[in-house]
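**Student:** Could you build all of it, start to finish, from the sequences and the hints given here?
Going by this note's numbering, the letters in the sequence shown line up with residues 1 to 377, in that order.
Treat each hint with caution, since some may be false.
Claimed, not checked - Pair ranges (Cβ atoms, derived):
(1) K299 / T178: 17 to 25 angstroms
(2) P119 / P308: 32 to 40 angstroms
(3) S341 / A138: 43 to 51 angstroms
(4) S180 / L227: 17 to 25 angstroms
(5) M260 / P28: 36 to 44 angstroms
(6) E78 / G243: 20 to 28 angstroms
(7) D115 / S180: 16 to 24 angstroms
Said to hold, decoys possible - Computed list of lysine-lysine pairs in DSSO-like fashion (alpha-carbon distance at most 30 angstroms, straight line):
(8) K199 / K121
(9) K141 / K262
(10) K236 / K141
(11) K361 / K121
(12) K299 / K338
(13) K233 / K199
(14) K236 / K262
(15) K102 / K236
(16) K262 / K199
(17) K233 / K141
(18) K338 / K361
(19) K199 / K236
(20) K299 / K233
(21) K199 / K102
(22) K121 / K102
(23) K262 / K299
(24) K121 / K338
(25) K236 / K338
(26) K51 / K102
(27) K199 / K51
Read the hints as simulated data drawn from the structure, not as lab findings. Given the structure is predicted, the values throughout are model-derived calculations rather than measurements. Just so you know, even glycine gets a beta-carbon here, dropped at the ideal spot from N, CA and C.
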Amino acid sequence: MTQQNGPDATPPSVTTQEEMLTEATRVPLWDPEYDDVLVCRQVRQETHDVKTFVFSGREPRDFRYYPGQFMTFELPIEGMVTRCYTISASAARPYRLEITVKRVPGGPASNWLHDNMIPGKEVNVSGPGGEFTTDATADEKFLFISAGSGITPMMSMTRTACDLSEPYDLHFVHAARTPSDMIFHDELLLLASQNSGLKLSFTCDTAAAHHRWTGFTGRLSLSMLSLMSPDFKDRKVFCCGPGRFMEGVRNMLGEAGFDMEKYYEESFDFGAETAGTLEEYASVAPEISDQTFRVSFSKTGHVVECSPGMTILSAAREAGLRPMSSCQRGICGTCKSKLISGDIDMQHNGGIRQREIDQGKILICCSTPLSDIEVEI
Numbered sequence: 001m002t003q004q005n006g007p008d009a010t011p012p013s014v015t016t017q018e019e020m021l022t023e024a025t026r027v028p029l030w031d032p033e034y035d036d037v038l039v040c041r042q043v044r045q046e047t048h049d050v051k052t053f054v055f056s057g058r059e060p061r062d063f064r065y066y067p068g069q070f071m072t073f074e075l076p077i078e079g080m081v082t083r084c085y086t087i088s089a090s091a092a093r094p095y096r097l098e099i100t101v102k103r104v105p106g107g108p109a110s111n112w113l114h115d116n117m118i119p120g121k122e123v124n125v126s127g128p129g130g131e132f133t134t135d136a137t138a139d140e141k142f143l144f145i146s147a148g149s150g151i152t153p154m155m156s157m158t159r160t161a162c163d164l165s166e167p168y169d170l171h172f173v174h175a176a177r178t179p180s181d182m183i184f185h186d187e188l189l190l191l192a193s194q195n196s197g198l199k200l201s202f203t204c205d206t207a208a209a210h211h212r213w214t215g216f217t218g219r220l221s222l223s224m225l226s227l228m229s230p231d232f233k234d235r236k237v238f239c240c241g242p243g244r245f246m247e248g249v250r251n252m253l254g255e256a257g258f259d260m261e262k263y264y265e266e267s268f269d270f271g272a273e274t275a276g277t278l279e280e281y282a283s284v285a286p287e288i289s290d291q292t293f294r295v296s297f298s299k300t301g302h303v304v305e306c307s308p309g310m311t312i313l314s315a316a317r318e319a320g321l322r323p324m325s326s327c328q329r330g331i332c333g334t335c336k337s338k339l340i341s342g343d344i345d346m347q348h349n350g351g352i353r354q355r356e357i358d359q360g361k362i363l364i365c366c367s368t369p370l371s372d373i374e375v376e377i
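**Tutor:** Written out as structure tokens, the structure is:
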């Protein structure tokens, strides 16, 4: 081969070290409209009945989400079961996602994950979604109150704040049944030792002597909360846990004269193993006619008259059916179904992709019939 020299020679392209580094570290963004497969990379045992599952894309992807948001998982159980799980990872570490799941006795989804999800296994997902989030590095005083698996959104917020700088002024209160059920206990202690703005308080319903438990013992009460966080009335409160626990916290704060405008909660339906949010979402309501329509459910054979303005989910429940649902606001995608025939008006809030809509799928929680319809339920 002859090397070309002289003034007419084409100069060789020169790639600087900075350009090489930029190219090597450029990772495409996760696009929820097209990306829908996660690969399990690691499984960690957190407690005797809680595991953390670490995922990334088939190819490297940069995940963008707010701490406290969730992903919707499609699990191959009896055809397909859809569940929402909060991302427990730090949003400041964008190349992997984590969910932390408690094994629920008789729960099909949590048991399937615990028994079948191993490194290398793939799962279909959608999201992220949800509005239960905050910036704990902001110049505000926060109080996180969680119980059981409700710790997951709080952990994402706390990890994110610690990664970005440190929490400005955050009290984190967590309740568990026993010390053995205390999720993320050691990691939280480590984070608190490294971040002066983070203060921790733990309580357990019961504690055996051999645990050498040094935290509070007993159910969370107003007197206990006052000891843990004496200035709780001055804080913005985020709460997550079982329904009865959150009800107790609301009543407790109300009794203390807390300004409930500063109270936010994430609702988990632990019985159905789903997660949703109690935030309100605005949508443009369609004009409601006074005409009723017939809704047919192809799998069960049920047929019901749908009153004006009634959603398909409500019609299904009137027929005695219990289709899977969670947020009931078109956010999580749990109630995704196939519209076989007819016309509907769907006012969703991001819980379904456009390509799924093009395939005839709908969210029955936020869809109202505009004609007689048939749905694959």
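**Student:** Please check whether S180 and L227 have a Cβ separation lying inside 17 to 25 angstroms.
**Tutor:** Holds, since S180 and L227 (Cβ atoms, about 24 angstroms apart) stay within the stated range.
**Student:** Compare the distance between the alpha carbons of K233 and K199 with 30 angstroms, and conclude whether the hinted pair is satisfied.
**Tutor:** The hint holds at about 16 angstroms.
**Student:** Per the hint of 16 to 24 angstroms, is the separation of the Cβ atoms of D115 and S180 within bounds?
**Tutor:** holds (21 angstroms)
**Student:** Holds or violated: are the alpha carbons of K199 and K51 at most 30 angstroms from each other?
**Tutor:** holds (25 angstroms)
**Student:** Between K121 and K102, is the straight-line Cα distance small enough, at 30 angstroms or below?
**Tutor:** Distance of about 19 angstroms is within 30 angstroms: holds.
**Student:** Holds or violated: K121 and K338, Cα atoms, limit 30 angstroms.
**Tutor:** Holds, at roughly 27 angstroms.
**Student:** Between K361 and K121, is the straight-line Cα distance small enough, at 30 angstroms or below?
**Tutor:** holds (26 angstroms)
**Student:** A range of 32 to 40 angstroms was offered for this pair. Does it hold for the Cβ distance of P119 and P308?
**Tutor:** violated (51 angstroms)
**Student:** Holds or violated: K51 with K102, Cα cutoff 30 angstroms?
**Tutor:** holds (7 angstroms)
**Student:** A range of 17 to 25 angstroms was offered for this pair. Does it hold for the Cβ distance of K299 and T178?
**Tutor:** violated (43 angstroms)
**Student:** Within 30 angstroms, alpha carbon to alpha carbon, are K102 and K236?
**Tutor:** holds (27 angstroms)
**Student:** Holds or violated: K199 and K102, Cα atoms, limit 30 angstroms.
**Tutor:** holds (25 angstroms)
Hint compliance for this structure: hints 1, 2, 8, 20, 23, 25 are not met, and every other hint is.
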